[in-house]
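Protein chains in written order, with this note's numbering: chain A, 82 to 579; chain B, 477 to 659; chain C, 2 to 367.
Keep in mind the hints are simulated off the structure, nothing from the lab. Please note that a few of the clues may not be correct.
[As the list claims (entries may be wrong)] Straight line, CA to CA, 20 Å or less: simulated SDA-like cross-link-like pairs of lysine to any residue:
(1) A:K452 / C:L8
(2) A:K197 / A:I114
(3) A:K532 / B:G553
(4) A:K532 / B:A517
(5) A:K532 / B:N644
(6) B:K562 / A:H531
(7) A:K532 / B:E514
(8) B:K596 / A:I550
(9) B:K622 / A:H535
(10) C:K354 / A:I497
(11) A:K537 / B:I511
(12) A:K452 / C:K354
(13) A:K494 / B:R646
(14) A:K104 / C:A16
(15) A:K452 / C:Q21
(16) A:K537 / B:G525
(17) B:K562 / A:V489
(18) A:K537 / B:A517
(19) A:K532 / B:R646
(20) A:K532 / B:C527
(21) C:K7 / B:W647
(22) A:K494 / A:S520
(23) A:K532 / B:V638
(24) B:K649 / A:Q528
(25) C:K7 / A:K532
(26) A:K532 / B:D586
(27) B:K562 / A:Q527
(28) B:K649 / A:Q527
[Claimed, not checked] Computed footprint of chain C on chain A; a stretch qualifies when at least three of its residues, placed anywhere within it, have a C-beta under 8 Å from a C-beta of chain C:
(29) 425-437
(30) 499-507
Quick reminder that beta carbons are idealized off the backbone N, C-alpha and C, glycines included.
If you want the building blocks of each chain, they are given just below.
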Amino acid sequence: MLSLSTLFKEPRIRGGVHAEAHKASTSSQPIVIDLPLPKKLYIPLQQHVGKAAEPVVRVGDHVLKGQLLAHSQGMISAPVHASSSGVIIDIDDYPAPHPSALPIRTVVLETDGEDKWISAPPVDDPFQLAPEEVSLRVGAAGIVGLGGAAFPSAVKLNLGRENRIHTLLINGGECEPYLTCDDRLMQERAAGIIDGIRLMLHGMETGQAIVGIEDNKPEAYAAMRKAGLPYPFIKVEQVPTRYPMGWDRQLIRYLIGQEVPAGGRSADVGVIMHNVGTAYAVHRAVRFNQPLVSRIVTVSGGAIASPMNIEVPIGTLISELFAFCGVDQTAAKRIIMGGPMMGDALPHSRLPIVKASSGILALTQEEIRNKAQQPCIRCAQCVSACPAGLLPLEMANRIRNNQLDAAVDIGLKDCISCGSCSYVCPSNIPLVQYFKYASGELAARQQAQHKSEHTKRLMDERNARMDRIKKQQQEEEQARLAAKAERERLQNEQGTLA
Amino acid sequence: MYILTAIVSLTTLGLILGFLLGIAARYLKVESNPIVDELEALMPGSQCGQCGYPGCRPAAEALAAGEAPPTLCPPGGSSLAEQLAKLLGVEIDLNDVQDPELLVARVSEDTCIGCTRCFKVCPTDAIVGAPKQIHAVISDACIGCKKCIAVCPTECLQMHPVEATLRNWRWPKPAVAEGVATC
Amino acid sequence: MIVHSKLSSGAHIGANTTVQHIMRQVMLAISPATAFGLFCFGWPALNLFIITLLSAVLFEAFCLRLAGKVARPVIMDGSALLSGWLVAMTLPPWAPWWIGVAGAGIAIILGKQVYGGLGQNLFNPAMLARIALLISFPIEMTTWPNVAPVFSAHAPGLIESWSITFSGLGGMASADAMTGATTLGYIKTEFSQQHWLPDILADHSIFLDFLGWTRGSLGETSSLLLAAGGIWLIRQGVIKWHIPISLLLTVTVLSGIFHLMDGQHYVSPLVHLSSGALMCAAFFIATDYVTSPNTPAGQLVFGAGCGLLIFVIRTWGNYPEGAGFAVLLMNAATPLIDHYMRPRIYGRYRNGKPLAQKVAVQEHKQ
Numbered sequence: 082m083l084s085l086s087t088l089f090k091e092p093r094i095r096g097g098v099h100a101e102a103h104k105a106s107t108s109s110q111p112i113v114i115d116l117p118l119p120k121k122l123y124i125p126l127q128q129h130v131g132k133a134a135e136p137v138v139r140v141g142d143h144v145l146k147g148q149l150l151a152h153s154q155g156m157i158s159a160p161v162h163a164s165s166s167g168v169i170i171d172i173d174d175y176p177a178p179h180p181s182a183l184p185i186r187t188v189v190l191e192t193d194g195e196d197k198w199i200s201a202p203p204v205d206d207p208f209q210l211a212p213e214e215v216s217l218r219v220g221a222a223g224i225v226g227l228g229g230a231a232f233p234s235a236v237k238l239n240l241g242r243e244n245r246i247h248t249l250l251i252n253g254g255e256c257e258p259y260l261t262c263d264d265r266l267m268q269e270r271a272a273g274i275i276d277g278i279r280l281m282l283h284g285m286e287t288g289q290a291i292v293g294i295e296d297n298k299p300e301a302y303a304a305m306r307k308a309g310l311p312y313p314f315i316k317v318e319q320v321p322t323r324y325p326m327g328w329d330r331q332l333i334r335y336l337i338g339q340e341v342p343a344g345g346r347s348a349d350v351g352v353i354m355h356n357v358g359t360a361y362a363v364h365r366a367v368r369f370n371q372p373l374v375s376r377i378v379t380v381s382g383g384a385i386a387s388p389m390n391i392e393v394p395i396g397t398l399i400s401e402l403f404a405f406c407g408v409d410q411t412a413a414k415r416i417i418m419g420g421p422m423m424g425d426a427l428p429h430s431r432l433p434i435v436k437a438s439s440g441i442l443a444l445t446q447e448e449i450r451n452k453a454q455q456p457c458i459r460c461a462q463c464v465s466a467c468p469a470g471l472l473p474l475e476m477a478n479r480i481r482n483n484q485l486d487a488a489v490d491i492g493l494k495d496c497i498s499c500g501s502c503s504y505v506c507p508s509n510i511p512l513v514q515y516f517k518y519a520s521g522e523l524a525a526r527q528q529a530q531h532k533s534e535h536t537k538r539l540m541d542e543r544n545a546r547m548d549r550i551k552k553q554q555q556e557e558e559q560a561r562l563a564a565k566a567e568r569e570r571l572q573n574e575q576g577t578l579a
Numbered sequence: 477m478y479i480l481t482a483i484v485s486l487t488t489l490g491l492i493l494g495f496l497l498g499i500a501a502r503y504l505k506v507e508s509n510p511i512v513d514e515l516e517a518l519m520p521g522s523q524c525g526q527c528g529y530p531g532c533r534p535a536a537e538a539l540a541a542g543e544a545p546p547t548l549c550p551p552g553g554s555s556l557a558e559q560l561a562k563l564l565g566v567e568i569d570l571n572d573v574q575d576p577e578l579l580v581a582r583v584s585e586d587t588c589i590g591c592t593r594c595f596k597v598c599p600t601d602a603i604v605g606a607p608k609q610i611h612a613v614i615s616d617a618c619i620g621c622k623k624c625i626a627v628c629p630t631e632c633l634q635m636h637p638v639e640a641t642l643r644n645w646r647w648p649k650p651a652v653a654e655g656v657a658t659c
Numbered sequence: 002m003i004v005h006s007k008l009s010s011g012a013h014i015g016a017n018t019t020v021q022h023i024m025r026q027v028m029l030a031i032s033p034a035t036a037f038g039l040f041c042f043g044w045p046a047l048n049l050f051i052i053t054l055l056s057a058v059l060f061e062a063f064c065l066r067l068a069g070k071v072a073r074p075v076i077m078d079g080s081a082l083l084s085g086w087l088v089a090m091t092l093p094p095w096a097p098w099w100i101g102v103a104g105a106g107i108a109i110i111l112g113k114q115v116y117g118g119l120g121q122n123l124f125n126p127a128m129l130a131r132i133a134l135l136i137s138f139p140i141e142m143t144t145w146p147n148v149a150p151v152f153s154a155h156a157p158g159l160i161e162s163w164s165i166t167f168s169g170l171g172g173m174a175s176a177d178a179m180t181g182a183t184t185l186g187y188i189k190t191e192f193s194q195q196h197w198l199p200d201i202l203a204d205h206s207i208f209l210d211f212l213g214w215t216r217g218s219l220g221e222t223s224s225l226l227l228a229a230g231g232i233w234l235i236r237q238g239v240i241k242w243h244i245p246i247s248l249l250l251t252v253t254v255l256s257g258i259f260h261l262m263d264g265q266h267y268v269s270p271l272v273h274l275s276s277g278a279l280m281c282a283a284f285f286i287a288t289d290y291v292t293s294p295n296t297p298a299g300q301l302v303f304g305a306g307c308g309l310l311i312f313v314i315r316t317w318g319n320y321p322e323g324a325g326f327a328v329l330l331m332n333a334a335t336p337l338i339d340h341y342m343r344p345r346i347y348g349r350y351r352n353g354k355p356l357a358q359k360v361a362v363q364e365h366k367q
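Can you make the complete structure from the sequences, with help from the hints?
Next up, the structure:
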């Protein structure tokens with residue numbers, strides 16, 4: 082019965098959009114594992130949030146698959162491993178898989194075609210390992226959040242052990258249209274994912290896990306449920322299909338019933354969230370001692386002849402994937418890394434696949450948001466669509482008038498750039514770009530201010546030094562004068578004596 | 477009779493209001509503060525002279541006197557302009573403030589003779605080196621004042637735009653489409 | 002190799018709605034009521050309708066030309082046409098041509114373009130035009146012809162309609178047009194002559210009022226068709242239910258209370274709902290995106306405010322109908338409502354402070 086209280090209570094899911102899924106073409110086909118090994122792999126040294134890794138190999142070195150190429154730097158970082166066996170032919174700046182394609186330090190590996198693994202003994206019973214050892218191994222394997230955030234997973238596991246975490250949430254939402262890599266992974270490798278979840282629970286010393294899967298993936302749900310059956314502490318649950326269900330805070334609100342405080346972390350409500358792909362990578366790393374050297378990538382979009390999910394070595398150029406799947410060069414109007422809602426449009430395809438690349442889409446003119454921009458008619462569809470409860474139209478309006486602080490006042494910093502507002506906007510206003518611009522501009526201003534403070538400090542130091550030097554010189558001068566006077570006095574005295 | 481009432485009442489009203497205004501002026505007076513110091517504190521303090529005044533202090537004085545706009549400082553850019561305007565309590569239109577591309581000095585290693593003149597004049601110690609050694613500019617500390625350019629005997633110092641990197645890359649402001657009102 | 006140099010941020014895909022699409026759907030929703038009005042009031046109404054729409058588009062083009070913008074794409078968004086249409090709906094059906102032209106001019110130039118065009122105006126252009134006309138030309142704006150469907154015995158022919166449209170009241174007199182008062186106007190007049198309620202409406206059919214078989218503005222008479230169009234718009238997701246429902250509910254509840262207390266001086270909710278511009282205002286005027294609040298809560302307040310003002314003006318005001326004034330007054334309050342009625346941000350309390358960390362607090366207690 083509809084009672085009055087339900088009318089006034091906020092729904093479990095706020096905002097969001099029902100986007101056309103475009104998943105059917107790839108979700109029913111098995112993951113392709115026989116992608117021809119590329120001749121060259123371009124492995125960037127920073128594929129994660131945090132500090133770039135520092136290379137430990139030199140040009141000319143021969144490396145085996147899984148061998149460490151660069152080790153992590155500092156607290157938040159991740160190492161990088163060779164995705165195949167071969168020779169290092171260059172360590173230099175190459176274009177990054179980023180909208181700007183600006184250079185990033187990259188190890189170029191010429192493969193020898195043998196794809197030979199480095200010998201590393203598998204662990205017999207990983208549950209005998211100390212919990213700290215699990216996160217150490219996860220860290221050493223270079224595992225980062227494979228859902229797209231690329232946050233080093235070991236840091237999160239440590240966070241889980243240090244805080245009182247009651248639930249490990251596993252994100253099988255995959256709410257982005259087109260993408261099916263997690264769906265296929267769950268369908269085909271559910272046992273491995275469940276094993277990875279158990280290992281993560283062990284590493285975090287946490288009791289239970291909940292896997293949230295959107296209800297548009299019944300096969301994945303069934304497979305995961307079956308694989309999780311022997312473990313009563315792993316619950317597999319269906320969640321409604323509504324973008325952005327995979328936003329960690331939306332999933333936490335839906336499955337746990339709590340909201341993460343603004344500016345806080347999910348650990349504040351006793352939850353840590355990982356992606357299903359990450360769980361699988363943990364399984365491989367801890368049980369088989371295999372670092373993260375490949376990932377499953379959905380290659381899809383209207384311009385792709387045969388869309389599919391492929392297991393791709395990290396560092397493979399997108400152009401190689403396009404060549405393998407067949408792409409209509411003239412029809413492909415936009416190349417996107419990630420999903421179509423939050424992914425980045427790339428300027429060209431000679432950019433490498435990195436750990437965070439969940440999908441590569443080649444979209445046609447018909448598929449992309451391509452209509453002309455029109456004035457805002459204040460229809461407030463963006464307000465209804467915003468999962469964070471913001472007023473995108475007001476924020477964009479303030480930013481357009483350069484009132485960035487005023488935009489912050491109404492919640493700019495709570496924006497997650499999910500793209501729901503841009504998706505629904507009938508006037509086709511690039512709302513998310515306004516927010517990204519404003520955030521960047523604010524960061525730049527802060528940096529400028531830091532710099533000006535820094536400059537001032539440098540100036541003061543210099544002035545102080547100059548003063549000191551001057552003073553010293555004066556003192557020396559005075560001492561010299563005094564000595565001279567003394568000498569003269571002595572001479573005079575001697576003179577008078579003589 | 478009516479006229480008299482009107483005159484009396486309006487006069488009384490005027491007197492009362494005038495009295496209140498007088499009190500307000502006396503007790504709610506805003507103290508004129510030493511704003512010049514505050515303004516100077518905000519400014520880069522490198523005395524670079526790009527504003528046309530001989531240093532940051534004279535520029536702050538000109539600002540306080542209303543002789544110069546808050547947008548006078550090129551190294552400070554729009555962020556400084558905004559802060560200065562806030563302090564001065566004036567409205568500025570940042571639409572017109574084009575942040576000039578920040579240029580930093582760079583040493584051309586082929587022609588540097590290690591004369592040390594440049595790092596003696598650098599106000600922020602952004603140039604490092606030793607006599608007879610090639611000097612280098614720490615671009616993070618360079619404020620683009622061009623003082624070193626003037627003293628370099630071999631013209632080996634040149635101004636270059638700050639290199640674009642993934643770290644300092646930012647999304648541009650979306651272009652406003654044709655026919656869309658901007659108010 | 003594919004090279005795309007243009008920078009574009011997410012979302013890369015989009016829903017298929019456009020401004021044109023929304024405007025088209027609203028026009029579709031008001032067309033049954035409009036068609037019924039045109040049928041009831043015949044050729045002169047059609048003349049007026051066409052003149053108003055045409056001049057709205059021409060005024061828009063003129064303003065855009067003046068502002069140095071390219072007119073064509075803006076005209077194509079359909080907003081000027083819709084504004085003109087809404088103005089025409091609120092005019093007395095046999096009003097002379099210049100009323101239509103003046104209404105469209107006020108709506109487009111003073112109501113919209115002086116603010117900077119689509120999306121910038123504070124007041125609903127159609128209501129602004131209607132109120133300005135009502136105050137400036139009270140006679141033309143309150144001369145209501147009887148229902149005389151096209152081709153019926155009393156209906157003016159095509160030629161006659163031109164004389165009505167182009168020579169104003171004189172033309173109407175020469176055409177022997179039968180005029181009278183609207184239901185609300187009639188009640189107001191009777192009240193002023195100390196005649197009281199059930200008697201006034203003794204032989205009045207509320208059913209015909211609902212249907213639209215009554216004197217009134219060109220497109221506002223048929224409450225039934227307007228409500229049907231409005232509900233369709235809600236179902237299509239073009240407008241939300243909040244404003245219409247809270248507006249209608251407020252009017253119903255208020256008039257119900259007063260009617261129950263004193264049935265002689267206060268008309269029943271049914272009369273309120275079936276007459277005047279109420280349905281049109283509730284579904285098509287108050288719901289105008291540009292001039293109504295953004296959030297559901299704000300929209301509820303806005304609708305309730307409109308309903309309250311409509312009831313107050315109808316009951317105690319000088320004018321028999323208050324929808325136009327009510328909407329304009331609430332339009333002025335929209336920025337204020339928007340300022341105070343903001344949605345709660347995820348992870349924050351309504352006042353914008355971050356939520357307390359519940360788990361951490363519990364831990365300390367343990």
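Output the indices of the hints that this structure fails to meet, ascending.
Of the numbered hints, 12, 25 and 26 do not hold.
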